[in-house]
Every structure is written in structure tokens, then in C-alpha cells.
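Can you make the complete structure from the sequences, with help from the hints?
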Amino acid sequence: MYDGAFGDQSKTLSVLAFWVPMTLSAVGLLVTFTAGLWNIGVEGQIILGSIAASWVALKVQLPSPIIQVTVEILAAMMGGALWAGIAAILKTRGGVNEIFGGLALNNLAIILTNYLISGPWQPPEGGSFRGTQPFPADALLPRLAESRFSPLSMIMAFLAIALIIVMLRGTFWGLKLKALGKNPFSAFLLGVSSEREVVLAMMLCGALAGLGGAVRVLSWFDSLRQSISGGIGFLALLVVMLANFQGYWVPFIALFFSAVLNGSISLQIRTQLHSSLGGILTGVMVLFVLLFSDIGVFKWARREKRE
Amino acid sequence: MSDTEFIRMMASIILASSPLIIAVCGETITERAGVVNLSLDGTMLMAAMAGFVAGLKTENVWLGFLAGAIVGAVFGAIVAYGSITLGKSQVAVGFVLTLLGDDLSAFLGQNFTRIPGEAVKRFGIPLLKDIPVIGPIFFNQDAVVYFSYILIIVTWWFIYRTQPGLHLRSSGERPDAAFARGVNVRRVRYLYTLLGSALVGIAGAAYSLDVKIGWSDGHTRGLGWIALAIVIFGGWSPVRGALGAILFGATKAMATILQRTFPEISVVAFNAIPWVLMIAVLMVVSSDITERLIEFMPRRVQSPLRRMLRITAPMALGSTLVEK
Chain D
4 MYDGAFGDQS KTLSVLAFWV PMTLSAVGLL VTFTAGLWNI GVEGQIILGS IAASWVALKV
64 QLPSPIIQVT VEILAAMMGG ALWAGIAAIL KTRGGVNEIF GGLALNNLAI ILTNYLISGP
124 WQPPEGGSFR GTQPFPADAL LPRLAESRFS PLSMIMAFLA IALIIVMLRG TFWGLKLKAL
184 GKNPFSAFLL GVSSEREVVL AMMLCGALAG LGGAVRVLSW FDSLRQSISG GIGFLALLVV
244 MLANFQGYWV PFIALFFSAV LNGSISLQIR TQLHSSLGGI LTGVMVLFVL LFSDIGVFKW
304 ARREKRE
Chain Y
2 MSDTEFIRMM ASIILASSPL IIAVCGETIT ERAGVVNLSL DGTMLMAAMA GFVAGLKTEN
62 VWLGFLAGAI VGAVFGAIVA YGSITLGKSQ VAVGFVLTLL GDDLSAFLGQ NFTRIPGEAV
122 KRFGIPLLKD IPVIGPIFFN QDAVVYFSYI LIIVTWWFIY RTQPGLHLRS SGERPDAAFA
182 RGVNVRRVRY LYTLLGSALV GIAGAAYSLD VKIGWSDGHT RGLGWIALAI VIFGGWSPVR
242 GALGAILFGA TKAMATILQR TFPEISVVAF NAIPWVLMIA VLMVVSSDIT ERLIEFMPRR
302 VQSPLRRMLR ITAPMALGST LVEK
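Here the protein sequences come in this chain order: D and Y. Heads up, the first sequence is in this note's numbering, so the first residue is 4 and it goes up one at a time. Heads up, the second sequence is in this note's numbering, so the first residue is 2 and it goes up one at a time.
By construction, these hints were calculated from the structure, which means they are not laboratory data. One thing to keep in mind: the hints can contain errors.
Some chain D residues near chain Y, calculated using beta-carbon distances under 7 Å [unchecked claim]:
hint, residue
1, Phe103
2, Asn117
3, Met288
4, Val292
5, Leu294
Negatives, chain Y to chain D, calculated, CB over 10 Å [what the hints assert, rightly or not]:
hint, residue
6, Glu6
7, Ala12
8, Lys89
9, Asn141
10, Tyr147
11, Ile151
12, Arg188
13, Trp226
Ideal placement from N, C-alpha and C gives every residue a C-beta, glycine not left out.
Next up, the structure:
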């Protein structure tokens, strides 16, 4: 499995390219988890980001590649934030728990993708049901030769990590979110408007997930595909849980997950093992850490949280 | 639509709703005891796979259901151990198990996809099945459907009319008070998490052995979440939950008919129906908007309307009990 992940340069780059959107979503989830929200809708927010970026890439022609890609990315962030905003409003105004709202919106996002691929955005040469036509090269993120990895996207991911960690630890808004997550009622008594904070936290997470979605279409693929996210949002949730909701662990655990999953895909090609093996490994690991994180060997990871 | 066609459609709705009814009853029991088992989707997938394979290997469909129940109970045991003994977040454990069940069922069931297997046989109940209209709809079904009828009644009677049922509810509403009155809250919660989860397992097996015979990747994906939403819609009552499940089945059947009548509308739009419905019904039962609409109604219908539409969750749902 290690060989499958880091065996040669192209595989390593593939691991990194898979790491970027997962990390972006996981960093976004740090914000919602801090506010005590279970943003399971992150998967749908990634997909909406992909759809929004694809819409710009397919339908809008801008003078220079830099402007083109920037607009695509902004559109993706707005798309993700919109989807997250809907889930947030459903929670605050409609009384629909964010888990159920998010889950329904995930499925609606998948259905919307399938509709676009098989309907209005069908490639002109006929319906293949697999994806749109490839975007022009100017509309894509600049990638390293012969790979799916875009160094620019990695820089964005690092920026996002730094920004969110500083924001959660060092700003008043971060403190408000923490109060909200720890005890919503006393936060309310202290004058933290929960609705505004919930909506903002969700939309920030959605924007980062949407950015991850843009990276999926503009660097991992070159078009909108049927399973454009393929569960990256759920993986990001596992990453944050395994990181014990601590920001600085997120990039490393995401890298490990990315390696395991990419490794299991090449393991499948070589040994005919089912590709779900990677998912099982990560799932079992998270379950064990979740259950036994305050017992014995895992104690060091917990110490921080007790302070 | 002719009469026979109508009867056939109604009968198929009842059949298709029966696993959901079983799952909803199971989860209702668990949540009434104060534990949210969020792993339903993964549990049902694993149970559907295990039930199908066990039925195939032993050539006995009932052993398939037994396998499903055991798988369900194992998932329930993990949730119970994590949340009751270790005091972890029920949502977190349940969610991880959902993902794990999905992947594990795909992995373990990979050699059993799309092959014929055992299936439950239909048998009509003598006398009852000869009642016009009602007979062919409700009593010319199979054992799974009859089990779901019995389960609704037994669950309702157990929760509301027996002493263990009172202990069950008190563990979900006021665990401290129940503990003070001598109820072993931990044991009660363990018991009903396992029992409810086993029922969810039976529901999963009911898909692969009866309603949607066979196994494929993600065979029942999404239905566990639908069941969880129906539990809320049903206001944690088995009878109302069962009605919700049948309503859901009816909406799906309606969608199929509409699709045949309007073939020009994309199939995709019809796939979206269950999820839009899920958001809509959850909003109806719990948003402020409903409350405001009720206040506009004539005073006389306000209270029954409120009772019909509004729901309240068990007060200690999802909490961990700290015993002193």
C-alpha cells in the first residue's frame, strides 16, 4: 500500500492532489465543529463548488486565464457557501437538524450533478452520462506536468489552515463560536446571537468546501464528473474527528488518509482487492481512536483538550 | 385506473413500506430510551448483505433474517458501548459506523452481487384475505409484512402500557429521576439499543430477501437516513412512525405513476422527491412557521392541529448519564 501511495513521483503527486480538497473541507469543518455543528452537508457543499466552477468554465469566457480561474474559484466558494447557508437557515428558521438538512442537500447535489451531466451540459458528441466535455486549458488550474496536482491549490490549502487556526484561536469571533459550541444557552445569555454565528460558520465552511470542489474539477479532473466528490466530504469529517478537533493535526492526518486511499486504489489494480478496503481501514481507525482515545496509548492526544 | 390496478398498487406500497416500518419501530424504541443510533444506514446495508449471503448459503430465508438481526445487534452494541459505557458522542460513533458499514458491506459482499438468492414467499391469511379491497391489500402479503403489523401494535403497547415501557420512557426523558427511582438506566439503555438495532438489522435483511431481492453495492443506501427522519416525523411514536413510512412509500409510488404519465420530465426530478420531502416534513413538525400558521386557525382546531403537527423529542435524547 505504501508503494501504491509513494512508489514513484506521479503517485506522490496524486496523493497530494487528493489531499488538497480533503484538507480544505476538513479545515472548514473545524469552524462548524467549534460552533457545535455537525455539518454532514459538507459533501454537498464540495459538489456545489464543483458545479459552480464548471458553470463558469463552460459558459463564461474571460479575457485572461488568471481572471478566468479566479472567477471560477470565487463562484465555487459562493456555491458551497450557498448550499451551507441553506442548511444553516433550515436549522435556525426551519428547526431541521443540520445533519438531516445536510444529508438531504448532499443527495440533491448529487442528483443535480447527474441532471446537468445528462441534460443541459451534455457533451456535444452525445450523452456518455459520465461527464461534461473537458474545459479549455486556460480555464484550469496550472498543473505540474503529466499530473493532477496543482501547486497553487496547495498554497491555498496552507493559507486556509493558517487563517482558520488563527481565527479560531486569536479572534473574538473564534471565541464566540467556541462559547456557542460549548454551551449554546449561556452563549445566548452573554449576547452571542446564535443564528448569525451559526449561519456564518456554516457559510465559511461551505466556502472552503466549495473551494475544494473547484480544485476537484479544475485540477483532479478537467470536467464535471458523475461522482465529482466521491465521499471526500465524509473523509474530511473523519479527519477532523481523528484529529480530535485540533487544527494543526488536520493536514497530517489528511495526508495519511490520502495516502491510504490512493494506495488502496493501486492495490486494487495490482491484487484485485476491492477499493473499499481503504475506506474500511480509515473507518476502523477512527472508530477505535474515537472510542478509546482517553485510554492508555492515546492519552497524549487528549491531554490538550482537558486544559 | 381500474380497481385491480389500484389494489395492486396499494398492496405494493404496503410491501415496500414494511422494512421501513420495522426500522422505524426499532429506532423509536432506541431513541425513546435516550440513545440516538445514527448508524442506521450502515447497519441496514451490512444487515442486507449478511442476510442475503446467509440466506443463500444456508438456503433458509429465516436464517438470513437471523443473520441480519445479529449484525444489527452488533452495530447497536458498539453504539451502546461507546455512548453508555465510554460516554462518547453518540452522533460521532453512529456516523463513523454509518460510513464503515457502507464500505464493509461493499467489501464483504463483493462476490455476491447481482446473483439470485432466497426470497420470502407470499402467503395469504385465510378468511382475512377474502375481505373485499382490504383483504388483497393487507392480508395477501408475506410474513415480513405481517411481522411489521404485529410490531407496530406490540411496540406501541409495550412503550405506553407496560411497566418496562415506562422505565424505557423514563430513561429517555428524565434519566436522573428514573435512576433515583431504582431504574437501572444504563442497563435499560443497553437493552433497548441492542433490541432496536436488531430490528433495524431485520429491516435491512427484509430488503435483500423480500422487497428488493438480491445484493448490490449500496443496495439500501439512503434508506437508513430516511428511517431516521421518519422517526422524528412520527414524533417518536411507533404508530405515527408507521404512518409516516407508508406515506413515504405512497409518495414513491405516486412518483412512479407521474413518471409514466409525464415521460418528458427528467427521471432526475423524481429522484429528488424523497429528499425534498424529508426536508419538508421535518420543517412541518418542528419549525416556528408551523406554529405561527396554527395561530391563524380558528381557536377550536388549534389544539388538535398542534397535537397532530408538532412533536417533542424525548428530553434526554442523546445525553450521557452521569451516575453518582
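Enumerate the violated hints, using their earlier numbering and listing them in ascending order. 3, 4, 8, 13
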